[in-house]
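Going down the list, the sequences are from chains C and D. Heads up: the first sequence begins at 1 in the numbering used here, then just goes up one per residue. Heads up: the second sequence begins at 1 in the numbering used here, then just goes up one per residue.
Hints were generated in silico from the structure; no laboratory data involved. A quick note: this is a predicted structure, and the numbers were derived from the prediction, not measured. Virtual Cβ for every residue (Gly too), placed ideally from N, Cα, C. Please note that a few of the clues may not be correct.
For each label pair, taking beta carbons as the anchor points, the in silico distance ranges come out as [unchecked claim]:
1) D:GLU44 to C:TYR39: 31 to 37 Å
2) D:SER62 to C:ALA5: 23 to 29 Å
3) C:PRO79 to D:ARG22: 17 to 23 Å
4) C:TYR39 to D:GLN84: 41 to 47 Å
5) C:TYR39 to D:GLU68: 28 to 34 Å
Residue-level listing of the chains:
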Amino acid sequence: AQSVAQPEDQVNVAEGNPLTVKCTYSVSGNPYLFWYVQYPNRGLQFLLKYITGDNLVKGSYGFEAEFNKSQTSFHLKKPSALVSDSALYFCAVRDSQDTGGGNKLTFGTGTQLKVEL
Amino acid sequence: GAGVSQSPSNKVTEKGKDVELRCDPISGHTALYWYRQSLGQGLEFLIYFQGNSAPDKSGLPSDRFSAERTGGSVSTLTIQRTQQEDSAVYLCAVGRYQETQYFGPGTRLLVL
């Protein structure tokens, strides 16, 4: 079974400072990893994904994430946070071996990011 | 979300009533998913449609929940005899096989 853990319910950071939102995962095969962002009363917006290749993945709005196989992590990062980045962030995983499982994503419980002036 | 609309955006119903939620994707997305987002929890997979294959219903929480997809496009999620614990945001997502899933804006369901 696949699972995702986001150990922090909330992350607070000052505008202009770097931010990190943590994510660890567990799968049987190789992981396909995703980050989504959710603004209030909105659906989920895709930020970035790791399928294969370079461990550092760049995505929308200046976000990036680093795949670390040995630590089974896929932390989301941004060098300089903006107040407008404040939102709920979800990490998700799909097991590459789960071809019969409909490719469904397993999500973490989300991390609320608050960027303050 | 790009390429997916859901209706209604909000639904308030009384316990015991049936509700029907709609997902309307743009064409070209062969895979369609329903997820549920309960307050304070992550997203829970409900059901998956892929082309003409039999749907993967493994996430449906009870037999009160059902879904169909007509003509490989529009999908409806039906909840019969709603209960208060069914209150949640129901999200539809689409994607091509094994690719990124793109989410609709969701339907916020409140069961009184």
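Could you work out which of the previously given hints the structure breaks and list their numbers from low to high? Hint check: 1, 3 and 4 fail, others pass.
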